[in-house]
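Visitor: Given next are the chains, with one letter for each unit.
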Amino acid sequence: MNAVARVKDAALAALVAAVLALPLLGFATIDTGGPLGISTRFDYVAYAALAVFVGRLVFMALVDLWRERQMDSAREAAHDPGKPDRMAQIGKLADRWLLPLMIGFAIVLPFLPFADRTVVDLATVVLIYVMLGWGLNIVVGLAGLLDLGYVAFYAVGAYSYALLQMHFGFGFWEALPLAGLFAAFFGVLLGFPVLRLRGDYLAIVTLGFGEIVRIILLNWQKVTGGPAGISGIQRPSFFGFPFSADPPAGKTAFHDLLGIEYSSIHRIIFLYYLILLLALITSLFTARIRRLPVGRAWEALREDEIACKALGINPTNTKLTAFAIGAMFGGFAGCFFATRQGFISPESFTFIESAVILAIVVLGGMGSQAGIVLAATLLTLLPEIAREFALFRMLAFGMAMVLIMVWRPQGLLAHREPTIKLKPKGAS
Amino acid sequence: MNAPLLQVEHLTMRFGGLVAVDDVSFSAAPRQITAIIGPNGAGKTTVFNCIAGFYKPSVGRLALRRDSRQYLLERMQGHHIAHHARVARTFQNIRLFAKMTVLENLIVAQHNRLMLASGYTALGLFGWPAYRRAERDAVEKARYWLDRIDLTGVADMPAASLPYGGQRRLEIARAMCTDPVLLCLDEPAAGLNPRESHELNELLIFIRDSHDCGLLLIEHDMGVVMQISDHIVVLDYGRKISDGSPQKVRNDPAVIRAYLGDEEDGAGYKSGGAS
Chain A
1 MNAVARVKDA
11 ALAALVAAVL
21 ALPLLGFATI
31 DTGGPLGIST
41 RFDYVAYAAL
51 AVFVGRLVFM
61 ALVDLWRERQ
71 MDSAREAAHD
81 PGKPDRMAQI
91 GKLADRWLLP
101 LMIGFAIVLP
111 FLPFADRTVV
121 DLATVVLIYV
131 MLGWGLNIVV
141 GLAGLLDLGY
151 VAFYAVGAYS
161 YALLQMHFGF
171 GFWEALPLAG
181 LFAAFFGVLL
191 GFPVLRLRGD
201 YLAIVTLGFG
211 EIVRIILLNW
221 QKVTGGPAGI
231 SGIQRPSFFG
241 FPFSADPPAG
251 KTAFHDLLGI
261 EYSSIHRIIF
271 LYYLILLLAL
281 ITSLFTARIR
291 RLPVGRAWEA
301 LREDEIACKA
311 LGINPTNTKL
321 TAFAIGAMFG
331 GFAGCFFATR
341 QGFISPESFT
351 FIESAVILAI
361 VVLGGMGSQA
371 GIVLAATLLT
381 LLPEIAREFA
391 LFRMLAFGMA
401 MVLIMVWRPQ
411 GLLAHREPTI
421 KLKPKGAS
Chain B
1001 MNAPLLQVEH
1011 LTMRFGGLVA
1021 VDDVSFSAAP
1031 RQITAIIGPN
1041 GAGKTTVFNC
1051 IAGFYKPSVG
1061 RLALRRDSRQ
1071 YLLERMQGHH
1081 IAHHARVART
1091 FQNIRLFAKM
1101 TVLENLIVAQ
1111 HNRLMLASGY
1121 TALGLFGWPA
1131 YRRAERDAVE
1141 KARYWLDRID
1151 LTGVADMPAA
1161 SLPYGGQRRL
1171 EIARAMCTDP
1181 VLLCLDEPAA
1191 GLNPRESHEL
1201 NELLIFIRDS
1211 HDCGLLLIEH
1221 DMGVVMQISD
1231 HIVVLDYGRK
1241 ISDGSPQKVR
1251 NDPAVIRAYL
1261 GDEEDGAGYK
1271 SGGAS
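Chains as they are written, first to last, in our numbering: chain A, 1 to 428; chain B, 1001 to 1275.
Treat the hints as calculated values from the structure; they're not laboratory data.
Model, not experiment: these values are computed from the prediction.
Mixed in with the good hints, there may be bad ones.
[Stated by the list, open to error] To spell it out: a stretch of chain B is covered by chain A in this simulated footprint if at least three of its residues, at any positions, have a beta carbon under 8 Å from a beta carbon of chain A; those stretches are:
1) 1062-1074
2) 1106-1115
3) 1135-1147
[Claimed, not checked] Straight-line distance between alpha carbons at most 20 Å, and here's what the computed DMTMM-like set of lysine to aspartate or glutamate pairs gives:
4) Lys1141(B) - Asp1209(B)
5) Lys1056(B) - Asp1067(B)
6) Lys423(A) - Glu1135(B)
7) Lys421(A) - Glu1140(B)
8) Lys423(A) - Asp1236(B)
9) Lys1248(B) - Asp1221(B)
10) Lys1056(B) - Glu1009(B)
11) Lys1248(B) - Asp1230(B)
12) Lys92(A) - Asp1221(B)
13) Lys421(A) - Asp1150(B)
14) Lys1056(B) - Glu305(A)
15) Lys1056(B) - Asp1022(B)
16) Lys1141(B) - Asp1221(B)
17) Lys423(A) - Glu1140(B)
18) Lys1099(B) - Asp64(A)
19) Lys421(A) - Asp1137(B)
20) Lys423(A) - Asp1156(B)
21) Lys1099(B) - Glu305(A)
22) Lys1056(B) - Asp1023(B)
23) Lys92(A) - Asp304(A)
24) Lys1141(B) - Glu1196(B)
25) Lys8(A) - Asp64(A)
26) Lys1056(B) - Asp72(A)
27) Lys421(A) - Asp1156(B)
28) Lys423(A) - Asp1137(B)
29) Lys421(A) - Glu1135(B)
30) Lys423(A) - Asp1147(B)
31) Lys421(A) - Asp1147(B)
[To be verified] Selected chain B positions facing chain A (Cβ under 8 Å, derived; list incomplete):
32) Ala1052
33) His1083
34) Thr1121
A virtual CB, placed ideally from N, CA and C, is assigned to each residue, including glycine.
Work out the full structure: start from the sequences and follow the hints.
Guide: Given below as structure tokens:
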């Protein structure tokens, strides 16, 4: 682009900015004591137009520079063919090395010097999202079914535990499999009507499903307690040994069992390891099931449903198992959430939660286990660190998503490891 | 020709007011290559879609005989046709699992047997030995076909990275991994160069002769059709206009009329058509 074209381009951008800024910045309401008065501040409009003019000039110059560099690297690549995508390479290395590294770090975290109550608590939240991300990854990443209502299964798991505990006195470990089972049942319930839908249509129905579940929880006062939620959910005990300074009669407290001083952090550390264990089970399960026929059928279904049918794969059953198993892990996470919080209400299961979990999966790179950990850490820690900028949280969130979609539509660490490799003859 | 493999009787397929296939009857014999030819829009692919269960025919019976059992395809669901009646198909526009590797494509094709061996996932999760054996067998079968279609070297590459000819061959191999008794090929030679087309002929003849498999073939490339077909069915505007051996069909005036046009249709029409 030559100089004249650049200035023209920037002038056009400035004009658009001025038109937009005129109603947005150009007028302000002022308190005149009586009715509201209007003051004009056209200088603001001018500043905005000027800022856009300069910004556009710089931006376009940078874009040109970047294009030049792309061309250079393309010329280089022409000399040196077969250079694979760098980020995909990193993804490959990440899945092999980063994940074990992260797991190792997660195991020792509570004993590190800086790990106080806040850090462990935060890490627990991160792990909940990691687990939800891994669970949703089965539905979205493997089976290719866009699910915008995943939080519904999380809610089902949480309420299952809360209600079972309240009415039947179930402990955490007894309620965990049942919560998973109920969530899986809801997964199948959602799966049936959406079997024929794909892409956008599926997304809309799943979004609706998530809202239906939340609204039922909100309105079915007799059972769920409505907006007040359910409180006083039993806190977890260490396999029957409660975490408490003065345990109920006839029970040994955890600190007495180990013969150590009572500290309120014990329970927090225990909860941390509990969710770590659950998340690891999810990860192991996913890695394993990918290599089984049903996992391969999910991926095949994502690639081409018609071809699947022609090969005799039952698409109905395959989709329903994906929904059920994905939902099951959501239910497990929900069960954990209920026991950790001790209080649940429909407030915790809004659409934004679904959006965040989906963002974690998409941002991390569909199918990449390490990528999901990275994205979950990013999306839960950043808002915590930038608490002062809470106003801009959604703005930054949206910006990050747009940037990722432009820069890496396949996610941060997109890499697909084959589920089986051909060994040379006689090697097996 | 005793006991045909597939017997199509009075097959009619209507889409609203449009009659795509009109009262077509023919049969395909086991261990034979039956070609369906015809000008564009003659209804060939519609016939295929009815056989493979993607469409439910408006009228007609499609009877497939396997191991002295009869399967009425028009009453079965698409995936049951592939699973129980053992009819496999390929597509006009290739439908591979693009992001999965070549080997995975062939393993997915053996889904139903592996699913059973993995105890519907429950046993497979714990590394059940019978499942591991079944998976090894599946890999061996895949290796057999990879050697056959000359793709062993790229077995761990994504299927999308193969050149066009390789993708065509892989799709045929994938269909063969389901152990079909009838293999339906929708324009397998489309877009192939003469050498690849020749290799394809050899592959199809190999499948016919050594895998006890009947082949049903839609093809525009007359070179392929005339060389390898045992039996040809000609469709035009949804109706069958000729049926018989390649020699018979080649000299059938009705076929010549369909491809080259009538004498009265205008002299200029004669120069075009099939070659």
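Visitor: What are the numbers of the hints that this structure violates, sorted from low to high?
Guide: 1, 5, 8, 12, 16, 18, 23, 24, 26
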